[in-house]
Amino acid sequence: MHDGGKATRVIGIRSAEQVLTKNMTTPDSAKDSLTSALNSNIIPNREYLLQGSVVDQYVEVLLHRLRGLCDNVDDGAETFYDHEMCFSLCMNSSGNPLVFPLRVRRALDAQDAPYQLRYIGQQELGDKNRPTIVRSSIDVACSASIVEFLQELGCRLDFEYTARGYMFRKGRMKITVSKICKCGGGNKPGENIELISQSYLVELSVLAPSGYDAIAEDMRVFAEQLKPLVHLEKIDYKRL
Amino acid sequence: MQQREEKQLESALDSIIQRVNDLKTSIAAMIYKVENEYETLNWPTFLDNFALLSGHLTSLSKILSHDKCPVLRNLTVLPLMLSPERDEQLAQLTEHRVTTFAHDLVPDYLRTKLEPLAENKMMQLEHKAATVAYENAQKQVAAYQKVVTHIWDIVSKAREEWDVESSARGNAQQHSSVSDTHLLVTAVGMGKGLKPVPNANGQPGQPAGSMMVAPQGRPGSASGQGQIPPATQTMTMNKAPSAIKTNIKSATQIHPYGR
Amino acid sequence: MGVTVLQQFPIVEQRTGPSTIELLTKRIVALGATQQGQFLVDCETYSSVPQLGAQKTVHVLHNSEQPATVFSILETGSKTIPLITDGLFDLLMMKMSNFYQSKKQTKVESKGPRFEIGDFSVKLGSVAVSQNFKGILVEVEYRPCIVPAMCWDLIREFLQGFLGSSVSSTPPPYLQNKMQEVYTPNDTIQQYLEHFTVYRKSHFKM
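Residue numbers (UniProt numbering), protein chains in the order written: chain A, 1 to 240; chain B, 1 to 259; chain C, 1 to 206.
It is worth saying that the hints were derived from the structure and are not from the lab.
A quick note: this is a predicted structure, and the numbers were derived from the prediction, not measured.
Hints may contain errors.
Unchecked claim - Taking lysine-lysine pairs in the DSSO-like style, the calculated list, with each CA pair at most 30 Å apart, reads: (1) C:K104 x C:K201; (2) C:K56 x B:K195; (3) C:K178 x C:K79; (4) A:K238 x C:K107; (5) C:K79 x A:K31; (6) A:K238 x B:K192; (7) C:K103 x A:K31; (8) C:K107 x C:K201; (9) B:K195 x C:K95; (10) A:K31 x C:K111; (11) B:K192 x A:K128.
Stated by the list, open to error - Only part of the chain A face toward chain B is listed, based on derived beta-carbon distances under 7 Å: (12) G52; (13) Y58; (14) I196; (15) L201.
Note that the Cβ used here is the ideal one computed from N, Cα and C, for glycine as well.
Could you put together the complete structure from these sequences and hints?
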């Protein structure tokens, strides 16, 4: 669900390339090229997700296994240290409360990296036959002014946290193993951090254009290989 | 009436013969496998063959116990003529297993009782049982029971130990905790446990404290804009005071949108 | 990426937009420029719905010079906050249509031929507010330099060379406060927005 700022950067670059190809001779309006990209279904705006956790003392075992299973064999796991702020834009429209959630993520260990703005839609659990959660997702790389921009736009900061851990890749799949910390009140993220659990959060996700449901099956198979260390499941947190 | 019974008998016999032939070919196939493919034969295929045999046996016994099947026990086979001569027709029928219909073979083939050896053994045992004294028999039963309970004890003790061991091993495999998973997922998903503690007004307490940190670099330095030359640094310094001012402002502006 | 100056070019009574562009094209080609495709800068403006309180405005601009980037400028009345993002921000704005609605009739764009001549690149843009021709914006970029103060005189001379006396000898107001700073693509966008806003207002007069 949360992308190491680094991980989403990859996505940002890809979508940039898609727009680039439409350049030079006839400068279509960006809206037109976006519409055509939408129509040809090349924008990765669906996220397939499985979640689980591993207790602290076994995280090394899990990392060892992931190193063996994933693509980053040579350079080992990539580490990340991100700060995520969750905003929402709310209003009452003729009695119906409308909420538009937006998340901002930035890498604390790579200060010059762009910030990441993210919209995550409602998660669809589907029936038993669907192996993963699916939810719509829009990832946008952006400048550091995004925080102020959102606040002035009318967004409210709901909560924030830091995630520090490791990221692996396996084909199109991304696996993050991270420690979630509460940001100490009034402190810089990274100071006075407060762990919220004795476990690492483990997430397996893929961003793909809609209709790439086959990837969900690959994820199920991969999740199977991590048992019994981690049980990656589709979790409906709204019902917990 | 007679005719109908005969017809019934004939059809029953036909189907029995067919099942027996099925059984026979499967057994032959299995024997062939064991003899010729013992190097490549794997256990699952062997078991598959076994299942096939057992299926044939089941269907055979079904036919025998079927209502329509005449009671074969009530029918007799009467050998009318015995001959030491080789009988070609018989040989063909039996795949050259039986070539003559002679005195020495017929009693064995048409026998309906137990084998003579087994019959003898049974008779001996029954005789022995009848002659044993009552007390003696009681003693033997008691002794036997003692042995059985002893073995029973050993088995159940072993089982208990195994249960404990496996449950202990199950605990050791507790690499992840469902409650921790739920805690983490609700935290990153909905901010459960991460939201600022509401203060007296019921408003979220200054939630944005950490957010007010002046972002590194200046706002204009965006993605994909290429390298920013070193000259930027002087500008960042120029900008710093204004960034701080802005941040104080935005802190006060949070409240209108607080709930 | 260098310093860019945006200059309005007046249209005299007897000329139309296309014929003015043609005139300028002839002049710049006579100076030795070669055409390098077309360019497009567009701007769409979104306003907050009344339920969100005091009205805020988001201008979303694209520049074919930075085809993978979306430039947004938020105006709250007291503050102006620029935001630079990648292309999917447009998708996000679509999703936000319950909160911020675009005013279709104010969609502005400037498009036309793009030339290169030595270290300069020149763009002759016809400005249209919701498809109605409004005027001509000439963009001149001096590419080897990134600090306006160091190349303003050169750009001014070049501009006056082919646009004539309509070019003022002082830098555009937006650049005046930023003469010593490093120039970024966002500064170009800011200049466009200022001009677009003026054109829009003229739209309401007509």
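Structure-based check of each hint:
1. C:K104 x C:K201: 15 Å, holds
2. C:K56 x B:K195: 28 Å, holds
3. C:K178 x C:K79: 18 Å, holds
4. A:K238 x C:K107: 41 Å, violated
5. C:K79 x A:K31: Holds. K79 of chain C to K31 of chain A sits at ~27 Å (cutoff 30 Å).
6. A:K238 x B:K192: Judged against 30 Å, a Cα distance of about 11 Å means the pair holds.
7. C:K103 x A:K31: 15 Å, holds
8. C:K107 x C:K201: Given pair K107 of chain C, K201 of chain C holds - Cα atoms ~12 Å apart, limit 30 Å.
9. B:K195 x C:K95: The given pair, whose Cα atoms are some 26 Å apart, holds under the 30 Å limit.
10. A:K31 x C:K111: 15 Å, holds
11. B:K192 x A:K128: 27 Å, holds
12. G52: 6 Å, holds
13. Y58: Y58 of chain A check passes; min Cβ-Cβ to chain B is 4 Å, inside 7 Å.
14. I196: Cβ of I196 of chain A sits 6 Å from chain B, so the hint holds.
15. L201: Status holds, d = 4 Å.
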